[in-house]
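Participant: Residues per chain, in single letters:
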Amino acid sequence: MNNRKKRELIGKLFLSLSVFTAFLGIFWLLFILSDLIIKGASAINWSLFSKNFVPPGLSGGGMKAAFIGQLIIVSIAVIIGIPFGLLGGTFIAEYGRNSKIAKLISIFADLMTSIPSIVVGTFVYAVMVKPMGHFSALAGAVALAVIMIPVMLKTTENMLKLVPWSLREAAFALGTPYYKVIFQIVYKNAMTGLLTGTILSVARIAGETAPLLFTSLNNSFLSFNINQPMASLTVTIYRYAMGPYDNWHQMAWAASFVITLFVLLTTITGRLIIKWRYKK
Amino acid sequence: MGDYILKVKNLNFFYGSKQVLFNINMNMASNRITALIGPSGCGKTTFLRCFNRMHDLYKGNRYEGEILYKEKDILKMNDNIELRSKIGMVFQSPTPFPMSIFDNVAYGLKLKGIKNRTEVKDRVEAALQGAALWQEVKDRLSAPAGGLSGGQQQRLVIARALAVEPDILLFDEPTSALDPIATAKIEELMIELKKITTIIVVTHNMQQAARVSDYTAFFYLGELIETDKTEDFFTRPKNKQTEDYIRGKFG
Ligand SMILES: Nc1ncnc2c1ncn2[C@@H]1O[C@H](COP(=O)(O)OP(=O)(O)OP(=O)(O)O)[C@@H](O)[C@H]1O
Ligand SMILES: [Mg+2]
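The listed protein sequences correspond, in order, to chains A and B. In this text, residue positions in the first sequence follow our numbering: the first is 510, and each later residue adds one. In this text, residue positions in the second sequence follow our numbering: the first is 171, and each later residue adds one.
Be a bit skeptical, because a hint or two may be false.
[To be verified] Derived CB-CB ranges, DEER-like:
(1) A:542 x B:305: 52 to 62 Å
(2) A:667 x B:282: 28 to 38 Å
(3) B:245 x A:678: 11 to 21 Å
(4) B:282 x A:530: 55 to 65 Å
(5) A:675 x B:180: 26 to 36 Å
(6) B:248 x A:531: 58 to 68 Å
(7) A:671 x B:186: 22 to 32 Å
[What the hints assert, rightly or not] In silico lysine-lysine, BS3-like type, Cα no more than 27 Å apart, as pairs:
(8) B:285 x A:689
(9) B:256 x A:689
(10) A:612 x B:188
(11) A:697 x A:670
(12) A:609 x B:188
(13) A:670 x B:229
(14) B:229 x A:612
(15) B:246 x A:689
(16) B:291 x A:697
(17) B:240 x B:256
(18) A:697 x B:285
None of these hints come from the bench; they were simulated from the model. A quick note: this is a predicted structure, and the numbers were derived from the prediction, not measured. Glycine is no exception: its CB is placed at the ideal position from the N, C-alpha and C atoms.
With the sequences and hints as input, model every part of the structure.
Facilitator: Here it is, written out as structure tokens:
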């Protein structure tokens, strides 16, 4: 009896403790979000997207170049990152599943995911920016891709390993060649997970600043040349938030709001697609 | 009748250096059901997977001897698509592919390069009829296969194998994941399928072997101990080990 009471007490204690910590987590999240919405949403106006930077100290202007730059850099990063991550993960989970090299890559990717992103920025600076002699949007995209690939690779690996082996054998038993088994059956079966993985890795890089600081740098003008420095949203926010001007701060808030909204929306869209797929 | 579609001659099988099958000699009659029984780990699955060369998927596996399918040695063939469309396999737990019911059954046809829409449609229907599933799914062919019940999924897998018109079907404990009613349906279906195929079935259930099979073979520690007409096998076993096993003394 005594023992049982003790167990119940400990049970309740743990329950309240975990509820408390959960609320604590949610509290900070809501706090940050509401602050962002209050300060950011009020500062949003059309010229933020439609107007370009104006020289420091002047009022007006916007961040058009940064939005476009961000889009270009992240898009290129995703175009590089998805195939590498997907194929790498496929190699580890499928073709190379028993090989030492696959295990090594998998461990290496695990380590890579925990490398601070600024280190990736310096690395790309050393291997790309330095030899090329100038900053470039491409270097920024490569830095983001380097961050994205291990995330994508690990999720792909894990998702493919969740597909029961018997399903592959059933396909082999019809004479299906391995590449078709992977494309038509394994990927399809793991689609939900792969999609989540892609979304998460895009969300992971969309808000990165550090790797862009020494790679794509910044640009005061609208640029489409990926071989040249390019403004990005995150770096611009960083610069504007640190600047001494009030209207800069406002724009930084507004841009932060937009980028947060973007990350939230991608995640939600992804989840919706997943739900919709399940229903079908 | 009376002719043998499969002749196994001096078959040995190795997982790496570990020998699992020892000098198996056995013939399988056309359009008959042969049941393989024996205690867990005796090599039934290993034996079954020799017929469609499933062991080729993994490194280090080695066959010795011959398996003659219509007098041609399976172990020397090199077209797996052709072999596996002639010798289909159904696994223990249902394995529907993540696609529609129709696409599941059409999968093997597409693999063989059959593209003609009406032909595919006709053969899918015939296969589903053959697997006694048509009535239940004809109105929802484009629904995902994962939505079917376990027993329906297993019949879908059978239909998928049937679509490419195999001569032989290999079943590895096809009903062990199913309830008694679904099991009875599959057993009925197997007996029906004898008209068009030869069946080899691994089962842990001796009643099942007695109910459905024409021939039964008893394996023990990788050796074929005894094989006979099912009736004689269960009523007048010749071997002491067989007798002990079917009386439930071990295994
Ligand atoms: N991939 C493998 N590598 C090495 N040994 C294996 C492998 N697969 C099976 N074996 C071994 O081969 C022997 C026969 O296994 P098999 O799966 O053929 O037995 P089974 O008769 O089908 O058993 P069960 O009734 O439990 O399914 C067992 O000793 C098993 O441990
Ligand atoms: Mg087995």
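Participant: To test your reading of the hints: which numbers does this structure violate?
Facilitator: none
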